[in-house]
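Generate coordinates for the entire structure from the input sequences, incorporating the hints supplied.
Respectively, the protein sequence lines represent chains A and B. Under the numbering used here, think of the first position of the first sequence as 1, with each following residue one higher. Under the numbering used here, think of the first position of the second sequence as 1001, with each following residue one higher.
Because the hints were derived from the structure by calculation, they are not lab data. In this text, all values refer to a predicted model and were calculated from it rather than measured experimentally. A couple of the hints might just be wrong.
To be verified - Among the chain A residues that face chain B by a calculated CB cut under 8 Å, a handful are:
(1) 107
(2) 134
(3) 139
(4) 183
(5) 266
(6) 269
(7) 281
Said to hold, decoys possible - For lysine-lysine, the following DSS-like pairs were computed, each having C-alpha atoms within a straight-line distance of at most 30 Å:
(8) B:1260 x B:1245
(9) B:1005 x A:278
(10) B:1245 x A:274
(11) B:1109 x A:278
Unchecked claim - Listed below are several chain A residues computed to face chain B (Cβ distance under 10 Å; list not exhaustive):
(12) 14
(13) 78
(14) 79
(15) 106
(16) 129
(17) 163
(18) 192
(19) 194
(20) 231
(21) 239
(22) 267
All C-beta atoms in this analysis are idealised placements derived from N, C-alpha and C, irrespective of residue type, glycine included.
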Amino acid sequence: MVERRPGLTLLAHVVLALGVAVVAFPLYVTLVASTQTAEQIAQQAPMSLLPGDNLLRTYRTALFGGETGFGSRIAPVAPMLWVSFVSAMVIAIGKIAISLLSAFAFVYFRFPGRGLCFWMVFITLMLPVEVRIGPTYEVVSDLGMLNTYAGLTVPLIASATATFLFRQFFLTVPDELVEAARIDGAGPMRFFRDVLVPLSATSIAALFVIQFIYGWNQYLWPLLVTTDESRYPIVMGIRRMISAGDAANEWNVIMATAVLAMVPPALVVLLMQKWFVKGLVDSEK
Amino acid sequence: MSVEKRVRFRSVWLPWVLIAPQMAIVLVFFFWPAGQALVQSLQVQDAFGTSVQFVGLENFRNLWNDETYLASFWTTAQFSVLVASIGIVIALLLATMADSIVRGALIYKTLLIVPYAVAPAVVGVLWLFMFAPSVGIVSHALRSVGFEWNHLLNSNHAMALIVAAAVWKQISYNFLFFLAGLQSIPRSLIEAAAIDGAGPWRRFWTIVFPLLSPTTFFLLVINVVYAFFDTFAIIDASTQGGPGKDTSILVYKLYYDGFKALDLGGSAAQSVVLMTIVIALTVVQFRYVEKRVQY
Chain A
1 MVERRPGLTL LAHVVLALGV AVVAFPLYVT LVASTQTAEQ IAQQAPMSLL PGDNLLRTYR
61 TALFGGETGF GSRIAPVAPM LWVSFVSAMV IAIGKIAISL LSAFAFVYFR FPGRGLCFWM
121 VFITLMLPVE VRIGPTYEVV SDLGMLNTYA GLTVPLIASA TATFLFRQFF LTVPDELVEA
181 ARIDGAGPMR FFRDVLVPLS ATSIAALFVI QFIYGWNQYL WPLLVTTDES RYPIVMGIRR
241 MISAGDAANE WNVIMATAVL AMVPPALVVL LMQKWFVKGL VDSEK
Chain B
1001 MSVEKRVRFR SVWLPWVLIA PQMAIVLVFF FWPAGQALVQ SLQVQDAFGT SVQFVGLENF
1061 RNLWNDETYL ASFWTTAQFS VLVASIGIVI ALLLATMADS IVRGALIYKT LLIVPYAVAP
1121 AVVGVLWLFM FAPSVGIVSH ALRSVGFEWN HLLNSNHAMA LIVAAAVWKQ ISYNFLFFLA
1181 GLQSIPRSLI EAAAIDGAGP WRRFWTIVFP LLSPTTFFLL VINVVYAFFD TFAIIDASTQ
1241 GGPGKDTSIL VYKLYYDGFK ALDLGGSAAQ SVVLMTIVIA LTVVQFRYVE KRVQY
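Structure representation (structure tokens):
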């Protein structure tokens, strides 16, 4: 054990407390603003840092929409939450499913073109959607997938990271298990379902957290492929609310929407913290 | 760890069925569009999309001569250097402190990982709200100490705003990786140094920091990639590339030129330039990963 220095421990706590305060401050301001009225925020400037009494009204307006004090219409956020949830789930589960299957093929089979296929999956790491937005939009449009859940999710489901993670994990699974399965007369799919997938439970949980957040937080892609308000995810919906300009924005409703957009992914991260940290660090190895 | 399994299943068709979904998506939504971008970058289309002409490298030459594009390059360079360096320094400081304390580390850690879950677009909106010239709580605080904040007019302020928002969002990621790196350093090394009389400051610079260098380098690459490609939503939600084009990074310009200005050939050429940058960064990252395995 190294020497104890109470002064240093105190310093560490001070630095960490400051760090946490800076990290938490924007979140706190958001929460407080969502409990006030738009007039309080716009006219009091700077707004009060104490919670107001408009919490229920603000969230009701945000969730179900309505008229504002300035007479503008606010789109209801509840359907957007649903779109976000469905897309995030489809993306997370889809990525995990197709990566499990392809990692299984890459590790447990030998077939012509295996190297080429693996290499092609690897290359996708170098083609993030941001650098090929135009042509990808055209493909989705040609396939008639604009304004559909399929358009929002399917193009994002390929995953080199998840495929690599499962491949690495499968390589550590003892060969004896395959031999035992064979002796018991189990075919490859039976082995996959009854041995490999249960063994991968931890990796699956870890990837689920990361991919759910990835799916929930998508912004550029929905911006391109949705023009119909009923298919807007919440992250995109909030951006559309800030167009009125500084003081004229319904900041309380916007901040309530921000809270609603943050809570689901934050809950997933916090409740699955252990798997999340493991998955994050492992998937980059 | 072996790279190949000794034991395999035999089937002619099953592996193809297994990889089919992944390959279909990869081909249709990755390779085809990337190929299209390559082709389009060598073409010019008229405004109505009726005629297409092959022009060789002209689109690239135009980019090279386009002052706004070069300015966007410079903006991106400044932005990514600031985001990566500030983010890494703060996270390293916090991780070192969190690693040194016994009690309460879990609470700090839990609070520090929350920004990871917040969507970049929401991050942009939160920071915009705090710094909005008329209603923002921070802009008011700054004004009360005599600093006139206005990111709508002052491009340095706008840059500071998006850097702060981008660093805030990425703190969790950097922090977790530094913490994992610190925890993998053998205690015995630190104890040995302590017995030899090295104080905490000296121990950090002569033992901890050098042993963390693979993590630091890895995070440097990841943060640059993040600043280049994942900050689009932050910028679109806060400054929208303004004032003027002063916070319009390459990805933002690509989006703007392709979808707002509808310059197909030019934006395809921009796509190709960006792809080259990602490929270079990925190669750097993976060559380094190989080294780390030996290490």
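Taking the hints in turn, this is what the structure says about them:
no.	hint	result
1	107	holds (6 Å)
2	134	holds (5 Å)
3	139	holds (6 Å)
4	183	violated (12 Å)
5	266	holds (4 Å)
6	269	holds (4 Å)
7	281	holds (5 Å)
8	B:1260 x B:1245	holds (14 Å)
9	B:1005 x A:278	holds (25 Å)
10	B:1245 x A:274	violated (42 Å)
11	B:1109 x A:278	holds (14 Å)
12	14	holds (9 Å)
13	78	violated (17 Å)
14	79	violated (17 Å)
15	106	holds (7 Å)
16	129	holds (9 Å)
17	163	holds (7 Å)
18	192	holds (9 Å)
19	194	violated (14 Å)
20	231	violated (16 Å)
21	239	holds (5 Å)
22	267	holds (8 Å)
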